[in-house]
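K.L.:
Sequence:
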Amino acid sequence: MSFLLWSGRAIGYRRAAAGATVALGCFVAGYLVVPERALEQPKWLLLSAVLFLAGLAVAGWAAAMGHVGVQISMYNVRIRHGLLPMPPISVPLRMIGELRSVDVQSSIGQRWGWTWVPGRGRAVIVRSGPALVFDFGGRQFMVSVDDPEDAIAALGRVRATAR
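All residue numbers for the sequence shown refer to the numbering used here, where the first residue is 101 and numbers rise by one.
Be a bit skeptical, because a hint or two may be false.
[To be verified] Within a straight-line C-alpha distance of at most 20 Å, the following computed SDA-like cross-link-like pairs (lysine to any residue) qualify:
hint, residue 1, residue 2
1, Lys143, Gly155
2, Lys143, Gly160
3, Lys143, Phe127
4, Lys143, Ala163
[Unchecked claim] Taking CB as the label site, the calculated pair distances span:
hint, residue 1, residue 2, range
5, Leu153, Asp235, 38 to 48 Å
6, Trp216, Lys143, 15 to 25 Å
7, Leu156, Thr215, 20 to 30 Å
8, Asp247, Ala117, 41 to 51 Å
9, Ala129, Asp235, 37 to 47 Å
Read the hints as simulated data drawn from the structure, not as lab findings.
Every residue gets a Cβ at the ideal spot worked out from N, C-alpha and C, and that includes glycine.
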């Protein structure tokens with residue numbers, strides 16, 4: 101018996117592709133920087149290693165922040181971010197005061213990725229567009245999803261049957 105009421109996700113194609121492109125550029129630059137006799141010129145070998153590690157970091161960040169998924173069950177809300185095997189965030193429904201939909205216009209210089217605003221809350225923003233805002237009594241958690249109105253309706257059904 102499944103208690104899953106709603107499941108949604110958002111994929112940031114442009115930012116994931118940009119991250120993969122930057123990572124590939126770091127890998128290629130790291131390969132091209134290595135001289136013919138690498139052990140005789142350690143500064144170039146070190147630069148190559150730094151470029152390779154930067155490429156790995158950017159690829160990991162792009163994989164982690166390219167996708168976010170939200171599941172609402174009868175008992176909790178689970179938020180899974182990224183394509184990497186990270187533990188999901190699980191919040192009991194009794195802690196959620198309000199759930200609303202907002203339109204997010206994100207950019208690299210503003211809110212994007214896994215962000216935290218002191219005094220307000222956290223956010224997982226993978227792309228511009230619709231998002232869910234969970235209110236926990238003054239603190240908020242915002243997450244990008246497709247079709248947040250269905251999530252609000254699902255939470256309303258759960259709260260209506262609980263009364």
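K.L.:
A separate judgement is required for each hint: does it hold in the structure or not?
P.N.:
Going through the hints against the structure:
Restraint check: the Cα-Cα separation between Lys143 and Gly155 comes to about 18 Å, which is no more than 20 Å; the hinted pair holds. A threshold of 20 Å between alpha carbons decides the hint, and for Lys143 with Gly160 the separation of about 26 Å lies outside it, so the pair is violated. Distance restraint check for Lys143 and Phe127: the Cα-Cα separation of roughly 17 Å lies within the 20 Å cut-off, and the hinted pair is therefore satisfied. For the hint linking Lys143 to Ala163, the alpha-carbon distance of about 30 Å lies beyond 20 Å, and the restraint is violated.
In this structure the supplied range 38 to 48 Å holds for Leu153 paired with Asp235, their Cβ-Cβ distance being about 40 Å. Our hint of 15 to 25 Å for Trp216 and Lys143 is violated, since their Cβ atoms are close to 38 Å apart. A C-beta distance of roughly 22 Å is found between Leu156 and Thr215, which places it inside the suggested range of 20 to 30 Å. At roughly 23 Å, the beta-carbon separation of Asp247 and Ala117 lies outside the given 41 to 51 Å, and the hint is violated.
Distance hint check: the CB atoms of Ala129 and Asp235 are about 45 Å apart, consistent with the given range 37 to 47 Å.
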